[in-house]
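All letters in the sequence shown, in the order written, are residues 245 to 414 by this note's numbering.
Because the hints were derived from the structure by calculation, they are not lab data. Don't take every hint at face value.
Subject to a maximum C-alpha distance of 20 Å in a straight line, what follows is the list of computed EDC-like cross-link-like pairs (lysine to aspartate or glutamate) [what the hints assert, rightly or not]:
{"hint": "1", "residue 1": "Lys268", "residue 2": "Glu371"}
{"hint": "2", "residue 1": "Lys368", "residue 2": "Asp353"}
{"hint": "3", "residue 1": "Lys368", "residue 2": "Asp385"}
{"hint": "4", "residue 1": "Lys368", "residue 2": "Asp383"}
{"hint": "5", "residue 1": "Lys326", "residue 2": "Glu342"}
{"hint": "6", "residue 1": "Lys268", "residue 2": "Glu325"}
If you anchor each label on the Cβ, the simulated ranges turn out as follows [stated by the list, open to error]:
{"hint": "7", "residue 1": "Pro283", "residue 2": "Asp345", "range": "22 to 28 Å"}
{"hint": "8", "residue 1": "Arg333", "residue 2": "Pro378", "range": "25 to 31 Å"}
{"hint": "9", "residue 1": "Gly286", "residue 2": "Val334", "range": "16 to 22 Å"}
Glycine is no exception: its CB is placed at the ideal position from the N, C-alpha and C atoms.
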Amino acid sequence: MQTFLPYADFRASAEVLDDRRLGKQRVETLQVMRALTLPGYGWQHHPVTAMWRGYRPALMAYQEATCRVWLDRGHVDTCLEKTLLDLGRVPEDLAAYERGDVPIPPWNDDEALHASHRSKLVQKAPEHYRALFPDAPDDLDYVWPGTPDAPGSTAAAVTPPGSTAHRHDA
């Protein structure tokens, strides 16, 4: 379970993903949104849910980018509409998203996070990603931003090498 961000730009991140991972991103982002809007839904304690907590409109912007790229590639999508409906469970977040008031999480400026995502992509599919990220090491663990207490927090957690704690392959 992951929202891949090899770059800070959501659209650029979506465009670089191979179809397999891009398709999964739409579904996994929908699941994260549900974890953030539906009490009792699964994935409540997953690090990917924690990293987006407090930033539902930004998660919706990420979902829009992934779904638009998916559609641009000629695929059919139902995830964008479903995710938007789930965001609507928090009317103030839906209103913020619709008016373009989308605060981006502070961890999106963390190059270590993006480098860890590039590394994981190279690990998962070197035949696709090695040429795209020729300088990326292939042995980094995910950098998981911590749960922000409020917008502006930059707490982060790094999965220790070899650890299975918080290690979830998407």
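Outcome of range test on Cβ distance (glycine 286, valine 334; 16 to 22 Å): holds (18 Å)
Range agreement (Cβ of proline 378 with Cβ of arginine 333, hint 25 to 31 Å): violated (43 Å)
Cβ distance range 22 to 28 Å for proline 283 and aspartate 345, holds or violated: holds (25 Å)
Restraint check for lysine 268 with glutamate 325, where alpha carbons must lie at most 20 Å apart: Holds, at roughly 16 Å.
Satisfaction of hint between aspartate 385 and lysine 368, Cα-Cα up to 20 Å: This hinted pair holds, its Cα atoms lying about 12 Å apart.
Given pair status - glutamate 371, lysine 268, alpha carbons within 20 Å: Holds, at roughly 18 Å.
Hinted pair lysine 368 and aspartate 383, Cα distance within 20 Å: Within the cut-off at roughly 11 Å; holds.
Distance restraint between lysine 326 and glutamate 342, which requires alpha-carbon spacing of 20 Å or less: Status holds; Cα separation ~15 Å.
Hinted pair lysine 368 and aspartate 353, Cα distance within 20 Å: Judged against 20 Å, a Cα distance of about 24 Å means the pair is violated.
In this structure, the earlier hints numbered 2 and 8 are contradicted, and the remaining ones agree with it.
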